[in-house]
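Chain order of the listed sequences is A and B.
Per numbering that gives the first Met the number 0, the very first residue in the first sequence carries number 0; after that it's consecutive.
Per numbering that gives the first Met the number 0, the very first residue in the second sequence carries number 0; after that it's consecutive.
Honestly, the hints are just simulated from the structure, not real lab data.
Check the hints yourself; a few may be wrong.
[Claimed, not checked] Below 20 Å or equal to it, Euclidean Cα-Cα: the simulated SDA-like pairs (lysine to any residue) are:
no. : chain 1 : residue 1 : chain 2 : residue 2
1   : A       : Lys122    : B       : Glu103
2   : A       : Lys119    : B       : Asn99
3   : B       : Lys127    : A       : Thr170
4   : A       : Lys3      : A       : Phe133
5   : A       : Lys119    : B       : Asn96
6   : B       : Lys126    : A       : Gln171
7   : B       : Lys127    : A       : Lys119
8   : A       : Lys122    : B       : Ile95
9   : B       : Lys127    : A       : Tyr142
10  : A       : Lys122    : B       : Asn96
11  : B       : Lys91     : A       : Phe188
12  : B       : Lys156    : B       : Leu216
13  : B       : Lys126    : A       : Tyr142
14  : A       : Lys2      : A       : Ile126
15  : A       : Lys122    : B       : Ile94
16  : A       : Lys122    : B       : Ile101
17  : B       : Lys26     : B       : Pro44
18  : B       : Lys238    : B       : Asn278
19  : B       : Lys54     : B       : Glu22
20  : B       : Lys87     : A       : Asn190
21  : A       : Lys122    : B       : Val100
22  : B       : Lys16     : B       : Glu67
23  : B       : Lys127    : A       : Asn125
24  : B       : Lys127    : A       : Lys3
25  : B       : Lys284    : B       : Trp274
26  : A       : Lys122    : B       : Ile110
27  : B       : Lys91     : A       : Arg191
28  : B       : Lys4      : B       : Leu56
29  : B       : Lys91     : A       : Ile126
30  : B       : Lys139    : B       : Glu288
31  : A       : Lys122    : B       : Asn99
32  : B       : Lys91     : A       : Met123
33  : B       : Lys126    : A       : Lys122
34  : B       : Lys4      : B       : Ile74
35  : B       : Lys87     : A       : Val189
[Said to hold, decoys possible] Counterexamples of contact, computed for chain A against chain B with all Cβ distances above 10 Å:
no. : residue
36  : Ile40
37  : Ile42
38  : Glu50
39  : Phe68
40  : Phe70
Even for Gly, the Cβ is constructed at its ideal location relative to N, Cα and C.
What follows is the residue order along each chain.
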Amino acid sequence: MYKKNILNILLILTTIILIISFDALNVFDTLVYLMPLLFSISITMFMKRKEVNKCKSIYNVIMMLLIVFSFLFLGILSYSNITCLIDENCSSNYEIEGLILLITILYTLLFTNIVDIKLKHNKMYNILLYIISFVVFIIYGRYYLDNDFYHNYINLSKEDINIQSSYIYITQNYIYFNIVYLCLLMYYFVNRKKNK
Amino acid sequence: MNTEKIGKFIAQKRKEKKYTQKELALKLGVTDRAVSKWERGLGCPDISLLEDLSKILDISIVELLNGESKEDIKILEKDLINSMKISKENEKNRIINNFNVILETIIIIVISMLVILNIINSIELNKKETNEFNNNITEKTNNIEKYINIIKNNKGKYSNEDYKKIIAYVNDLDKLFSKETKELLNKKEYNIKDYYEFEKYYFDNFSADYNYLNKSLYYTLIKYDTNMVDNMLKYEQIKDNLRNIYIGIVSTTSDSYKYGLKEKYLMNVNSFFMWSYINEEQLLKDIIEVGDMNV
Numbered sequence: 000m001y002k003k004n005i006l007n008i009l010l011i012l013t014t015i016i017l018i019i020s021f022d023a024l025n026v027f028d029t030l031v032y033l034m035p036l037l038f039s040i041s042i043t044m045f046m047k048r049k050e051v052n053k054c055k056s057i058y059n060v061i062m063m064l065l066i067v068f069s070f071l072f073l074g075i076l077s078y079s080n081i082t083c084l085i086d087e088n089c090s091s092n093y094e095i096e097g098l099i100l101l102i103t104i105l106y107t108l109l110f111t112n113i114v115d116i117k118l119k120h121n122k123m124y125n126i127l128l129y130i131i132s133f134v135v136f137i138i139y140g141r142y143y144l145d146n147d148f149y150h151n152y153i154n155l156s157k158e159d160i161n162i163q164s165s166y167i168y169i170t171q172n173y174i175y176f177n178i179v180y181l182c183l184l185m186y187y188f189v190n191r192k193k194n195k
Numbered sequence: 000m001n002t003e004k005i006g007k008f009i010a011q012k013r014k015e016k017k018y019t020q021k022e023l024a025l026k027l028g029v030t031d032r033a034v035s036k037w038e039r040g041l042g043c044p045d046i047s048l049l050e051d052l053s054k055i056l057d058i059s060i061v062e063l064l065n066g067e068s069k070e071d072i073k074i075l076e077k078d079l080i081n082s083m084k085i086s087k088e089n090e091k092n093r094i095i096n097n098f099n100v101i102l103e104t105i106i107i108i109v110i111s112m113l114v115i116l117n118i119i120n121s122i123e124l125n126k127k128e129t130n131e132f133n134n135n136i137t138e139k140t141n142n143i144e145k146y147i148n149i150i151k152n153n154k155g156k157y158s159n160e161d162y163k164k165i166i167a168y169v170n171d172l173d174k175l176f177s178k179e180t181k182e183l184l185n186k187k188e189y190n191i192k193d194y195y196e197f198e199k200y201y202f203d204n205f206s207a208d209y210n211y212l213n214k215s216l217y218y219t220l221i222k223y224d225t226n227m228v229d230n231m232l233k234y235e236q237i238k239d240n241l242r243n244i245y246i247g248i249v250s251t252t253s254d255s256y257k258y259g260l261k262e263k264y265l266m267n268v269n270s271f272f273m274w275s276y277i278n279e280e281q282l283l284k285d286i287i288e289v290g291d292m293n294v
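Please construct the entire structure, taking both the sequences and the accompanying hints into account.
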């Protein structure tokens, strides 16, 4: 086991906690963060299927069930979006997809890192992960420092602080987070076989 | 066909079997000259002799024609396969490395974009907030100054006693627009010392029951117009909230400055001023409306 792997896992975990705590405070319910768990577990199980020797049939059954459920959820999501394209009165939140994708990627990264804790990772992967985590921490840290407890104390000044606008300034980063973490996940999978 | 190679191979195998050229020639039924010719690479044995020659030298016809033993061929084949494998792996690694470089550049570009975007956003957000606040505060101060001028020049409906009260209030309000408060408002960040100075200024210049005085003004207004009750309640509510904020923030921070506590946070009192301005503007408006001072 390498110490750097533990540090990587901790970094990913803290980013997940930061994003979820921010979003859970501001907009969405907790169920939104459970759905990505389903996708990411099925992806990691699919990835590790060749390396499992014991109870392979049970493993396969569970994996298939999870995959079926995740596809079912995806179907429901896409159906609701398609119906919203036709129906004008429908109130679908398109931000939710970006968030689900981001959290799925992060969960998958976390699980794969936990599963491959004994592998030595590519040096560049570690460096990239440190840079991204640093940037994410700064963005969220700035938000939390800006809205210190005094702002909550003065209920009257909420209009001045413009919490809604600063919230948008965070959520517009999600698309960039998605691209970065998706690239990082691809980078991880490409170099995974090489590192074995 | 490489005759030299075949000749060398025949000579090597003949020597291994410990035959002389003559003995081999005798066994094959040819002259020893012919054998030496083959071995020097000047000629090749006849096709009819190949079978006998291979049997005598204990090698296969293919080996004879290739000029090397099977083991050598096998090693060569292995080498060939290995080199092919290595080249394949190299190709694979090359593709992976290229892919890695692409991914790394994408990640770094997007991260730098992210950083730049966030810096621009934070600057814009600050600008927007300060601009909005400055616009609002200038609008409010202009309005209040205008109303004060109207009230000072006009007596309106009010009796002499009530008008005296109103003028006392207006004179108190003038102090809010002194240099000190304007300087404080123009600051972007507030020190703990600013709070201390502000509080000192506030206590030196305003009477202790300043807030209650303003409230009592509404009672005189109600004498002239009973519809002012709603406005009075609103005014009192905001005033109470402001006093709570004042005690919570300004007093505690100025106390901590007095007792030499360390500066823990910087925050602005813009909202405090904003709300008190809104409140006073409403009161002045009501005074003018009730007393018919517009004329």
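query = Hint by hint, which ones does the structure fall short of?
reply = 7, 23, 24, 29, 33
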